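Student: With the hints as constraints, model all of the structure from the sequences given.
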Amino acid sequence: MPKKGCLGCSFPLTVGILVVFLALFIVGLISGALGQAIIGETSIGSAVAIEKPHIQLPAEPIFHIGGFAVTNTLLTSWISMLVLVLLCWAITHRIKIIPSRLQSLLESALEWMLNFCVEVAGEKNGRRFFPLITTIFLFVLINAWMSLIPGYSSWNRTLEEEVLTGISANPGMAIGHAKIIADVKDIEEIHKDDILVFDIYTPEYEPAFDHCAAVILDEEDINGNAAALCRENDIPCVAATHEATTHLENDQNVRVDGSSGVISEIEKIHILRGANTDINVPLALALVSFVFVIYNGVRALGHHFFKVWFNFGRFFQGHKKLFTGKVKAGFGDIGMGVIDIFVGFLELLSYLFRNISFTFRLFGNMTGGEALILMMMFLVPWVLAIPFYGLELLVGTIQALVFAGLTLVFATVAITPHEAEEA
Amino acid sequence: MDAETIKLLAAGLVMALGSLGPGIGVGLVAYSALQAIGRNPDARGPIMTTMILGIAMAEAVAIYNLVVAVILIFVA
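Just so you know, the protein sequences line up as chains D and E, in that order. In terms of the working numbering, the first sequence opens at residue 1 and continues consecutively. In terms of the working numbering, the second sequence opens at residue 424 and continues consecutively.
Heads up, some of the hints might be wrong.
To be verified - Here are the simulated DSS-like pairs of lysine-lysine, each with C-alpha atoms no more than 27 Å apart in a straight line:
no.	chain 1	residue 1	chain 2	residue 2
1	E	K430	D	K52
2	D	K328	D	K307
3	D	K307	D	K320
4	D	K192	D	K52
5	E	K430	D	K185
6	D	K268	D	K52
Derived by calculation from the structure, the hints in this document are not laboratory data. These numbers were taken from a predicted model, which means no experiment stands behind them.
Tutor: Structure below.
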């Protein structure tokens, strides 16, 4: 039965949704960093502005068990495993001849993977490779898709750690990015809500006092010019920290408590983060696939498997021929033998480099995708990120398929006998 | 230009120039695979497998670029 209206909704509803999306898009365009850069800062801009995303490559530890740090990516990979196990349990604990919707979803996915394995590796080996290949596929896929759930990677916890104490010069509380002033030129870089950090006050610093959030001083100058300026502008000030300029890092997020003189470091830690964006997860998967390929190669071919890497056969045969009098054939074989050795060495290198490309392919694609979505959110909030979510769904599937497919193909190549080439 | 600027510039150039070749390569692989499937739709399965393998090989070069760029920014 053909549906009335447009895109499955009645015509007015479609128009209504489109108008809402368009409105959100325009507001996002004006308020986002892109619009702010073009038309200048507006009042709606500062209301919905999103902080410039910070790309965090190493995973952050969220809690410790004994001496073992549990990082956010480790936690998410556990969650992915849990989701997979629960999903499979929920489907298989009551298996029916006439499958339910969930059961037929899983069945069709597994059947498709099984066909893929059998097509590449043949009936017997395909069935043998199928469990590991499918596990890799599902694990990578769930990891990639879970991190696209809205709110998944924005759930965070704030850690506060006291780093410095000084003497209160003007009370008040402020949070902002520390900007260490080493040169007079740095003054121009100070934006609203930054925290000035310097050792000794000079008159050139004065313009920044209008708009900075707080001031941290190295020198013991509670009644000096800097402190007086702070009182004038009513901004918190901590003096006599002695080592703020060396101890704090530029752009570090700090809280300045002007009444007690305590400076604490504020760190936002994401509790959940897509497991594929931690390089250790792709590396672990790559090593699993590496061991799997070699195990299957050795199992199928025995020690002949290593002949691909260390192919001295023809080199020694050539020497044998030399001593039995076939000089021309002997030298020919030695020459070809050297080439064989070199090719074997290249083969060994390519086996080892596979780990690197496996690792960085997944890591690069996933981290790049996450950074892309974050940047789009930052440039134009709300609507513009939606198509990129769609793109990331596709990229996650393709990367999972590539990881699983390549493992399968490499394993198939490894179990194929290469005796025929030598004869 | 100071060292930091050159480092960032180099990392950007590594990705920009280094991705040209693999990009063309991946395109060529997909192009010929699609042509092959168009001529012989029954051979879709094996062609797809070989295509994924070929794309992975071409793409590996871009991945080495990524490694170099990451090293340039975070290590060097």
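Student: It remains to establish, for every hint, whether it holds in the given structure.
Tutor: Results of checking the hints against the structure:
1. E:K430 <-> D:K52: 22 Å, holds
2. D:K328 <-> D:K307: Holds - the C-alpha atoms of K307 (chain D) and K328 (chain D) are around 25 Å apart, at most 27 Å.
3. D:K307 <-> D:K320: It holds: about 19 Å lies between the C-alpha atoms, which stays within 27 Å.
4. D:K192 <-> D:K52: Measuring from Cα to Cα gives roughly 14 Å; hence the hint holds.
5. E:K430 <-> D:K185: Distance of about 22 Å is within 27 Å: holds.
6. D:K268 <-> D:K52: Roughly 14 Å between the alpha carbons, so the hint for K268 (chain D) and K52 (chain D) holds.
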